[in-house]
Amino acid sequence: MSSIIEIKNVSKEFKVLNRREGLKGSLMDLFSRDYKIVKAVDDISMTIEPGEIVGYLGPNGAGKSTTIKMMTGVLEPSSGEILVNGKIPYKNRTENAQQIGVVFGQRSQLWWALPLIESFKILKDIYMIPDSDYNNMLEFYKSLVDIDDLLHKPVRQMSLGQRTLSDILAAFLHNPAIVFLDEPTIGLDVSMKAKIRTLIKGLNKEKKTTVILTTHDMGDVDALCERIVIIDHGKMLYDNDIEHLKGFFGSYRTLKVRVDDDLKVESEIIQGEFEDLQVTSDDEWISILVDEDKIGVIDVFGTLQKTHKISDMQIEEISTEDVIKKIYEGGVK
Amino acid sequence: MKKKGIGFYLRIYGKILAQDLKSKMSYRADFIISTIGMIFTNISGFVSFWILFKNFSSINGWSYYEMLFLYGFSLVSITPVQCLFDNNWSLRIYVYSGDFIKYCFRPINLFFYFQSEVFDIKGLGQLAFGIGTIVYSWSRIGLAVTPLAIIKLVVFLITASLIMIALQNAAAATCFWIQNSFYVLDLAFKFKDYARYPITIFSPVFRFIFTFVIPIAFIAYYPSLVILRPDAVPILSWLSPVIGVMFFYISYKIWMYGAMKYSGTGS
Numbered sequence: 001m002s003s004i005i006e007i008k009n010v011s012k013e014f015k016v017l018n019r020r021e022g023l024k025g026s027l028m029d030l031f032s033r034d035y036k037i038v039k040a041v042d043d044i045s046m047t048i049e050p051g052e053i054v055g056y057l058g059p060n061g062a063g064k065s066t067t068i069k070m071m072t073g074v075l076e077p078s079s080g081e082i083l084v085n086g087k088i089p090y091k092n093r094t095e096n097a098q099q100i101g102v103v104f105g106q107r108s109q110l111w112w113a114l115p116l117i118e119s120f121k122i123l124k125d126i127y128m129i130p131d132s133d134y135n136n137m138l139e140f141y142k143s144l145v146d147i148d149d150l151l152h153k154p155v156r157q158m159s160l161g162q163r164t165l166s167d168i169l170a171a172f173l174h175n176p177a178i179v180f181l182d183e184p185t186i187g188l189d190v191s192m193k194a195k196i197r198t199l200i201k202g203l204n205k206e207k208k209t210t211v212i213l214t215t216h217d218m219g220d221v222d223a224l225c226e227r228i229v230i231i232d233h234g235k236m237l238y239d240n241d242i243e244h245l246k247g248f249f250g251s252y253r254t255l256k257v258r259v260d261d262d263l264k265v266e267s268e269i270i271q272g273e274f275e276d277l278q279v280t281s282d283d284e285w286i287s288i289l290v291d292e293d294k295i296g297v298i299d300v301f302g303t304l305q306k307t308h309k310i311s312d313m314q315i316e317e318i319s320t321e322d323v324i325k326k327i328y329e330g331g332v333k
Numbered sequence: 001m002k003k004k005g006i007g008f009y010l011r012i013y014g015k016i017l018a019q020d021l022k023s024k025m026s027y028r029a030d031f032i033i034s035t036i037g038m039i040f041t042n043i044s045g046f047v048s049f050w051i052l053f054k055n056f057s058s059i060n061g062w063s064y065y066e067m068l069f070l071y072g073f074s075l076v077s078i079t080p081v082q083c084l085f086d087n088n089w090s091l092r093i094y095v096y097s098g099d100f101i102k103y104c105f106r107p108i109n110l111f112f113y114f115q116s117e118v119f120d121i122k123g124l125g126q127l128a129f130g131i132g133t134i135v136y137s138w139s140r141i142g143l144a145v146t147p148l149a150i151i152k153l154v155v156f157l158i159t160a161s162l163i164m165i166a167l168q169n170a171a172a173a174t175c176f177w178i179q180n181s182f183y184v185l186d187l188a189f190k191f192k193d194y195a196r197y198p199i200t201i202f203s204p205v206f207r208f209i210f211t212f213v214i215p216i217a218f219i220a221y222y223p224s225l226v227i228l229r230p231d232a233v234p235i236l237s238w239l240s241p242v243i244g245v246m247f248f249y250i251s252y253k254i255w256m257y258g259a260m261k262y263s264g265t266g267s
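If you read the sequences in order, they're chains A and B. Quick note: the first sequence, position 35, residue 35 per the working numbering, numbers continuous. Quick note: the second sequence, position 80, residue 80 per the working numbering, numbers continuous.
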C-alpha cells in the first residue's frame, strides 16, 4: 500500500523582526527594521502509512504546529515537498480539507451557540456526507462514548473536556483519511483523557483513520502511538517505533527508595555517594536512575542499605516520559 | 467530488441562519433590548435629519422629500452589510488571537464560511424603517409607481449595498496586515453618514474623493438620481451597478488574499 503522507526535505522559514527593548527601542523599530530568518522547520522528511497513529512530539516551540499547518495546507513550505493523500495541501486547500479532520486543542471549531447535533447536521451538509454514513458514524460514536448528554447542549455551555470531545467527534464525522490532533488532551481531567483515548483508538481501529497526534502527555503516547517522531528546534531527532525507543534505554532502571529522614537532605547525601547516577526526590520517593551496564541495581541498593535506614523500595523500568525527556535534553543523537 | 454551486451554499446558509435565529430567540432579554436599542438609534438619526431640514427647506436644489428619499435609500442599502457581514467586525479579534485558523479547515469557501457564522437580526428593523421612508417620500414627491421604476429601485439598492459591503470588506481585511483594523473599519463605516447627502453639496475635492477614491457617492446619491432625476441621469449612475459588482469583487479578492496568507499564532 502506498503511503498516505509524504514529507520530503521540508523546511519553513519565518521572517521575524528583531525587536529592540524599551520604549526608545520600539520607536527605533518604527524607522529601521532589522529582520532575522528563523527556521521553524528544518529539513524534515517522513512517510506515514494509512492507519498509523503517529505521536508527533517535541518541546514547546519545536515546530510541531508549523509542520501540522503545512500538512493541512494553511502554510506553504519554504522548500521541500509535501503530499497528503496524493495532493499538495496548500495548492488544493479545499480538496485537502475534505479528506482531513483537524482539532487544535482549546480552539473549538464548532458553532458556539448551537447544540452539538445541529453543528453535526451542518457539517453533514458541508462535507456532503450521505445519510447512511452519517447515521452509521453516530451509532458508532454512541458505542464508543456516551454522547447523549452532549448532543443537545450548546457548545458554549460545555466544559472544556466536553468541548474537546465534541471537536474530536466533529473532526471524524466525515470519515476523513487523516485526522490531525494538536494537543487534544491538554487541560483535561483523568477520566476525560481516558474517554478521548478510547475514542481515538476505536476510530482508528474501525475506520482505519490515520492519526497524527501532538501531545505533551506521555499517557497519550503510551495509550495510542506505535510510532513516534520527535523534533526539536525544527530538526528531526527521532522517528521509529516506540518499543525501539525504549530499547535505547533498555539497560536503565529506576531504583526508588523511601527513608524515614528528610528526603531532600538524604537524596543529596546519596548523590554524593553515587556521583555518576542521577538522583531526584519527590514527596514520597528518592529516585535513582541506574545504568545496569555499569552497575547493578541490587549493588546500589546493597550499598545504600549499609548507610541508610530504608523503609521501602521499588524498581521501575524506564518510562516513555523519561526516555523522551532524555531525548529532549540531548541524550540520544 | 461534486461541484459546490450556489444552491449548495444557499442551503448551508439557510441551515446556519435558521439555527442561529433559533438560538438567538432563546436569549429573550438580549434580543428585546438590542431591538429596542436599534429602534432608538434609528429614531435619533431620523430626528437629527428632521431638525436639519426644518431649518433649510432645500439644499442645493434638493427638496426635503428628495433628501428623505436619499436617507431612506441609504438606510436600506446598508442593511445587508449589517445583517449579513457583521462578522467582519470581529475579524480582527479572530486574527489577533489566532482563532481565525479554525475557519481554514473546511472544504468550503473561506469568505462564505466566515461571514455565514453571524447573522445580525437587528438590521431588519432598520430595513423596515428605511423601506417606510422610501415609500413615504416616494408618494410625497409624486413619483409614478411603474414596474420599471420598482425594478430600477431594486437593482440600484442592490448596487448600493454591494458598494457598502465592499467598503467594509476591504476595511476589515486590513487586519491581515495591520494589528488593529478597528479604526479603519470604524472610519469606513462612518463614511456611510456622508452617503445620505447629495454629493453636490461637497467641495469639488471631496466630490472627487467620494466618487473615485472612497466611492460612498454610489451608496445613495448616484443610484437614487436614476429614480429622482430621470431626465438628467449622469453616466456614473448608469455605471454604478458595474462599479458595485467590481468593487465587491475586488474587496473579496483582497479579503481572500489576506486570509490565505494568514498563518496563525503560536500555540
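Since the hints were derived computationally from the structure, they do not count as laboratory data. Check each hint, because a few of them may be wrong.
Pair ranges (Cβ atoms, derived) [as the list claims (entries may be wrong)]: (1) Phe-46/B x Asn-92/A: 50 to 60 Å; (2) Asp-34/A x Ile-93/B: 57 to 67 Å; (3) Thr-35/B x Pro-59/A: 47 to 57 Å; (4) Ile-37/A x Tyr-183/B: 55 to 65 Å; (5) Asn-92/A x Ile-43/B: 31 to 41 Å; (6) Asp-34/A x Gly-45/B: 15 to 25 Å; (7) Phe-46/B x Asp-148/A: 26 to 36 Å; (8) Lys-253/B x Gly-80/A: 56 to 66 Å; (9) Ser-90/B x His-216/A: 55 to 65 Å.
DSS-like, lysine-lysine: derived pairs with alpha carbons at most 27 Å apart [claimed, not checked]: (10) Lys-91/A x Lys-4/B; (11) Lys-24/A x Lys-8/A; (12) Lys-4/B x Lys-124/A; (13) Lys-4/B x Lys-122/B; (14) Lys-121/A x Lys-54/B.
Computed from the model, here is a short list of chain A residues facing chain B with C-beta under 10 Å [to be verified]: (15) Ser-108; (16) Met-158; (17) His-174.
All values derive from a computational prediction rather than experimental measurement. For every residue, glycine included, the Cβ atom is placed at its ideal position computed from N, Cα and C.
We went through each hint and held it up to the structure:
1. Phe-46/B x Asn-92/A: 50 to 60 Å: With a Cβ separation near 51 Å, Phe-46/B and Asn-92/A satisfy 50 to 60 Å, so the hint holds.
2. Asp-34/A x Ile-93/B: 57 to 67 Å: Since the Cβ atoms of Asp-34/A and Ile-93/B sit about 29 Å apart, the hinted range of 57 to 67 Å is violated.
3. Thr-35/B x Pro-59/A: 47 to 57 Å: holds (52 Å)
4. Ile-37/A x Tyr-183/B: 55 to 65 Å: violated (32 Å)
5. Asn-92/A x Ile-43/B: 31 to 41 Å: Since the Cβ atoms of Asn-92/A and Ile-43/B sit about 52 Å apart, the hinted range of 31 to 41 Å is violated.
6. Asp-34/A x Gly-45/B: 15 to 25 Å: violated (49 Å)
7. Phe-46/B x Asp-148/A: 26 to 36 Å: Cβ of Phe-46/B to Cβ of Asp-148/A: about 52 Å, so the range 26 to 36 Å is violated.
8. Lys-253/B x Gly-80/A: 56 to 66 Å: violated (29 Å)
9. Ser-90/B x His-216/A: 55 to 65 Å: violated (31 Å)
10. Lys-91/A x Lys-4/B: Since the Cα atoms of Lys-91/A and Lys-4/B sit roughly 18 Å apart, the hinted pair holds (cutoff 27 Å).
11. Lys-24/A x Lys-8/A: Distance of about 44 Å is beyond 27 Å: violated.
12. Lys-4/B x Lys-124/A: holds (14 Å)
13. Lys-4/B x Lys-122/B: Since the Cα atoms of Lys-4/B and Lys-122/B sit roughly 30 Å apart, the hinted pair is violated (cutoff 27 Å).
14. Lys-121/A x Lys-54/B: violated (55 Å)
15. Ser-108: holds (7 Å)
16. Met-158: Because about 14 Å separates Met-158/A from the closest Cβ in chain B, which is outside the 10 Å limit, the hint is violated.
17. His-174: holds (9 Å)
Going through the hint list in order, the structure does not satisfy hints 2, 4, 5, 6, 7, 8, 9, 11, 13, 14, 16.
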